[in-house]
Amino acid sequence: MHLAVSLNIAAASGQAILDFGQISSFVRKAEAAGVDMVIISDSADKPSSSPFEATTLLAALATVTNRIGLVAGASTLAHQPYNLARRFASLDIISHGRVGWNATLRQNPREAGNFSRPEGFSDDDFRRRAREFINIVRALWIGWGRDALLFDKAAGRFHDPDMMHPLNHVGEFFSVRGPLNVARSPQDRPVLIISDPAEADLDLASGAADVVLIEGQPSEALKVAVGDLKRRAAAIGRKPETVKVLATTSEPGIDSLQALLESSGCDGFNFVLPADVPGLHSFADRILPELRRHGITGQSYRGAALRSHLGLAGGGDQ
Amino acid sequence: MTRQMKLGAFLWATGHHIAAWRHPKAHVTAGIDIDHYIQLARTAEAAKFDMVFCEDAAGLREANVGIASQTSRSIGFEPISLLSALAVQTSRIGLVSTASTSYNEPYGLARTFLSLDHLSGGRAGWNLVTSASPIEAANFGSTGLKPHADRYERAREFAEVVTGLWHGKLGASGHDGRSFSVRDPLDLPRSPQGAPVMVQAGASDVGRDLAARTADVVFTAAQTFEEAKAFYDDLKGRLAAYGREPDDIKIMPGVAPVVAETEAEAREKHEELQELIPDDVGVALLSSYLSISDLWRHPIDGPLPELPESEGMKSRQALVIEQSRRDNLSIRQLARHFAGARGHWRIVGTAAHVADELQARFEGGAADGFNVMPSYFPGELDAFATLVVPELQRRGLFRTEYEGRTLRDHLGLKRPV
Numbered sequence: 068m069h070l071a072v073s074l075n076i077a078a079a080s081g082q083a084i085l086d087f088g089q090i091s092s093f094v095r096k097a098e099a100a101g102v103d104m105v106i107i108s109d110s111a112d113k114p115s116s117s118p119f120e121a122t123t124l125l126a127a128l129a130t131v132t133n134r135i136g137l138v139a140g141a142s143t144l145a146h147q148p149y150n151l152a153r154r155f156a157s158l159d160i161i162s163h164g165r166v167g168w169n170a171t172l173r174q175n176p177r178e179a180g181n182f183s184r185p186e187g188f189s190d191d192d193f194r195r196r197a198r199e200f201i202n203i204v205r206a207l208w209i210g211w212g213r214d215a216l217l218f219d220k221a222a223g224r225f226h227d228p229d230m231m232h233p234l235n236h237v238g239e240f241f242s243v244r245g246p247l248n249v250a251r252s253p254q255d256r257p258v259l260i261i262s263d264p265a266e267a268d269l270d271l272a273s274g275a276a277d278v279v280l281i282e283g284q285p286s287e288a289l290k291v292a293v294g295d296l297k298r299r300a301a302a303i304g305r306k307p308e309t310v311k312v313l314a315t316t317s318e319p320g321i322d323s324l325q326a327l328l329e330s331s332g333c334d335g336f337n338f339v340l341p342a343d344v345p346g347l348h349s350f351a352d353r354i355l356p357e358l359r360r361h362g363i364t365g366q367s368y369r370g371a372a373l374r375s376h377l378g379l380a381g382g383g384d385q
Numbered sequence: 005m006t007r008q009m010k011l012g013a014f015l016w017a018t019g020h021h022i023a024a025w026r027h028p029k030a031h032v033t034a035g036i037d038i039d040h041y042i043q044l045a046r047t048a049e050a051a052k053f054d055m056v057f058c059e060d061a062a063g064l065r066e067a068n069v070g071i072a073s074q075t076s077r078s079i080g081f082e083p084i085s086l087l088s089a090l091a092v093q094t095s096r097i098g099l100v101s102t103a104s105t106s107y108n109e110p111y112g113l114a115r116t117f118l119s120l121d122h123l124s125g126g127r128a129g130w131n132l133v134t135s136a137s138p139i140e141a142a143n144f145g146s147t148g149l150k151p152h153a154d155r156y157e158r159a160r161e162f163a164e165v166v167t168g169l170w171h172g173k174l175g176a177s178g179h180d181g182r183s184f185s186v187r188d189p190l191d192l193p194r195s196p197q198g199a200p201v202m203v204q205a206g207a208s209d210v211g212r213d214l215a216a217r218t219a220d221v222v223f224t225a226a227q228t229f230e231e232a233k234a235f236y237d238d239l240k241g242r243l244a245a246y247g248r249e250p251d252d253i254k255i256m257p258g259v260a261p262v263v264a265e266t267e268a269e270a271r272e273k274h275e276e277l278q279e280l281i282p283d284d285v286g287v288a289l290l291s292s293y294l295s296i297s298d299l300w301r302h303p304i305d306g307p308l309p310e311l312p313e314s315e316g317m318k319s320r321q322a323l324v325i326e327q328s329r330r331d332n333l334s335i336r337q338l339a340r341h342f343a344g345a346r347g348h349w350r351i352v353g354t355a356a357h358v359a360d361e362l363q364a365r366f367e368g369g370a371a372d373g374f375n376v377m378p379s380y381f382p383g384e385l386d387a388f389a390t391l392v393v394p395e396l397q398r399r400g401l402f403r404t405e406y407e408g409r410t411l412r413d414h415l416g417l418k419r420p421v
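First to last, the sequence lines map onto chains A and B. In short: position in the first sequence from 1, add 67, done, that's the numbering used here. In short: position in the second sequence from 1, add 4, done, that's the numbering used here.
Hints were generated in silico from the structure; no laboratory data involved. Glycine included, C-beta positions come from ideal geometry on N, C-alpha and C. No false leads were mixed into what you were given.
The calculated DMTMM-like cross-link candidates involving lysine to aspartate or glutamate, where the alpha carbons are at most 25 Å apart (straight line), are:
#: 1; chain 1: A; residue 1: K220; chain 2: B; residue 2: D284
#: 2; chain 1: A; residue 1: K220; chain 2: B; residue 2: E269
#: 3; chain 1: B; residue 1: K29; chain 2: A; residue 2: D227
#: 4; chain 1: A; residue 1: K220; chain 2: B; residue 2: E66
#: 5; chain 1: A; residue 1: K96; chain 2: B; residue 2: D39
#: 6; chain 1: B; residue 1: K29; chain 2: B; residue 2: E59
#: 7; chain 1: A; residue 1: K220; chain 2: B; residue 2: E272
#: 8; chain 1: A; residue 1: K220; chain 2: B; residue 2: E59
#: 9; chain 1: B; residue 1: K173; chain 2: A; residue 2: E186
#: 10; chain 1: A; residue 1: K220; chain 2: B; residue 2: E279
#: 11; chain 1: A; residue 1: K290; chain 2: A; residue 2: D263
#: 12; chain 1: A; residue 1: K220; chain 2: B; residue 2: E275
#: 13; chain 1: B; residue 1: K150; chain 2: A; residue 2: E239
#: 14; chain 1: A; residue 1: K220; chain 2: B; residue 2: D283
#: 15; chain 1: A; residue 1: K220; chain 2: B; residue 2: E276
#: 16; chain 1: A; residue 1: K220; chain 2: B; residue 2: D386
#: 17; chain 1: A; residue 1: K220; chain 2: B; residue 2: D37
Pairwise CB distance ranges (calculated):
#: 18; chain 1: A; residue 1: H232; chain 2: B; residue 2: K173; range: 41 to 47 Å
#: 19; chain 1: B; residue 1: D39; chain 2: A; residue 2: S317; range: 36 to 42 Å
#: 20; chain 1: A; residue 1: G88; chain 2: B; residue 2: A364; range: 43 to 49 Å
#: 21; chain 1: A; residue 1: V237; chain 2: B; residue 2: K173; range: 38 to 44 Å
#: 22; chain 1: B; residue 1: G145; chain 2: A; residue 2: H348; range: 46 to 52 Å
#: 23; chain 1: A; residue 1: K220; chain 2: B; residue 2: R330; range: 32 to 38 Å
#: 24; chain 1: B; residue 1: D188; chain 2: A; residue 2: G294; range: 37 to 43 Å
#: 25; chain 1: A; residue 1: Q284; chain 2: B; residue 2: A153; range: 54 to 60 Å
#: 26; chain 1: B; residue 1: P193; chain 2: A; residue 2: K220; range: 44 to 50 Å
#: 27; chain 1: A; residue 1: M68; chain 2: B; residue 2: D39; range: 29 to 35 Å
#: 28; chain 1: B; residue 1: T390; chain 2: A; residue 2: K220; range: 20 to 26 Å
#: 29; chain 1: A; residue 1: T309; chain 2: B; residue 2: D386; range: 42 to 48 Å
#: 30; chain 1: A; residue 1: G320; chain 2: B; residue 2: G145; range: 48 to 54 Å
Make a model of the complete structure from these sequences and hints.
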């Protein structure tokens with residue numbers, strides 16, 4: 068089974084904020100325990116007390132870890148697709164193929180107010196815009212052919228001009244010519260994660276996402292949700308096992324998790340952790356060893372890339 | 005203590021020379037190798053450079069794919085993620101990146117640079133530019149390429165919002181302007197150095213005014229002492245109008261040195277690089293400086309043809325034509341001359357010679373320091389660090405130890421209140 072931990076880096080009120088040393092020490096413990104990935108959330112609904120923005124923190128964490136997947140949240144409201152695509156492509160190269168983007172599909176009024184969109188978007192516009200945004204980013208990520216870079220000093224051929232593909236996207240909300248000015252990512256595409264999709268987002272999630280996170284719910288409802296996502300994926304010609312469904316939980320009771328895994332058909336779990344030092348210590352020192360005792364973690368990583376850990380199709384070394 | 009010069013190490017993939025990547029000792033996979041950059045930053049830090057500096061563009065540098073494929077400039081790291089990685093792999097050196105006001109939002113950019121500042125313990129700087137490239141504009145079709153005056157109007161408002169957010173001076177009602185609206189104060193704690201350092205590179209009249217109003221550091225390109233001195237005096241002269249003192253801004257022209265143990269060796273190294281420039285790459289760059297498209301139709305070893313006056317870069321065109329007549333240069337020779345250093349000040353020679361030249365501009369009141377543009381990496385940064393820096397230190401012109409922890413400390417800049 069797969070295991071992710073979500074870290075909301077903004078501390079709860081009254082707690083001391085987490086510094087880089089505390090965060091990196093926790094992530095390294097999670098890496099030692101074989102956790103697939105750590106998901107750094109960003110742009111909370113209320114003001115953050117963390118000193119860090121998620122993608123910059125991720126770049127720093129990439130240099131002090133070797134195996135664990137690193138995922139940052141970033142919203143379609145606070146970025147332009149070209150800029151976001153190259154940020155994540157660059158992060159993936161820095162981390163040697165361990166990065167994912169948690170695409171936030173909820174419209175955050177606070178973000179709209181700070182990004183020159185005081186009125187926000189209608190729900191329908193926001194959804195169509197987010198879908199267009201995500202598809203542009205995914206297409207930009209594969210704009211360079213796998214073997215486009217030749218590095219041929221003698222012949223003076225740095226790259227193969229035929230392997231560089233402009234996007235020429237002209238859509239309802241964006242027009243983007245491309246290609247990216249960052250090389251193809253080691254995983255071809257960084258892992259795309261969609262969290263808690265609404266009913267109207269299910270087609271996008273089952274069609275484009277590598278991992279879908281579903282909010283904690285009772286066993287029966289979870290089983291229905293997992294089955295629904297996998298069926299939708301199969302209906303458009305994807306292998307259902309290429310969409311990983313990780314159910315999100317904040318109370319890791321190990322026995323009940325194992326039962327839930329078996330009954331619901333989900334692929335793994337995402338633990339949401341409090342952003343304080345005692346919470347991190349408790350998870351690392353108490354929960355992780357328990358998971359290992361139950362054989363849920365402790366296996367070594369299958370390869371170097373996040374796609375390998377998750378058993379996903381695509382580039383990398385799976 | 006006597007005044008000492010500031011030094012930036014301008015990092016750019018395989019090097020600043022257009023053909024750098026073809027040099028046998030250039031690290032050709034620089035654009036996809038984070039360890040290469042970590043090594044460069046550590047080299048610059050060990051040599052006590054004030055900062056490393058990264059350029060940026062939100063798109064390819066060259067529209068013609070055939071030309072682009074013969075250079076290494078189409079791919080590289082996105083600089084904010086690159087510098088964030090370097091932040092935790094270094095401990096003293098400043099980390100400065102370019103980011104455009106044309107295709108970002110001030111709240112997001114202020115937040116990202118402040119995060120870099122926290123990761124690095126107060127060593128971040130932002131180089132403000134506006135985007136003039138149609139290649140970039142095509143990646144942000146919803147906004148499009150704006151006229152110069154509009155770009156700077158947007159940049160001025162952008163800078164005002166960013167500094168307002170960094171200094172905690174955004175009013176209770178937020179900001180509601182022509183291009184941007186922002187409701188809340190920034191949601192990250194205050195910068196360890198008061199505010200990240202603000203850098204600018206614009207040389208136009210409106211660009212200089214914006215710099216005089218908001219910049220802590222100004223990068224510039226100047227070939228001759230006279231040009232550099234005129235720019236220096238003009239910009240420092242504008243500060244009083246904004247209630248600032250001459251020392252509040254550090255002016256650091258770019259310099260592209262080729263340095264070796266002996267003069268002959270340096271010349272040989274330079275010639276070796278020049279020989280690596282493919283003819284069509286050189287002619288394409290020369291064509292862009294001349295604002296014409298069919299230069300390749302003329303014999304490459306013949307003289308520059310008579311050209312109609314352009315509506316493009318008039319002064320650059322005049323400069324090229326004058327040089328071709330004065331030195332009786334062929335198209336190929338001219339192309340190599342201009343393609344090599346990208347129009348920046350080039351010094352070829354021994355460490356003593358390079359130090360002499362830098363000292364003359366520094367003591368002559370034409371620069372507070374320099375942004376060093378090594379021709380290829382890592383070799384030419386190593387050469388500057390091991391040959392020129394000790395020479396400057398011997399002369400008392402450059403620090404032997406960092407004065408403090410933050411980039412503002414290194415640059416001797418006031419901490420904003």
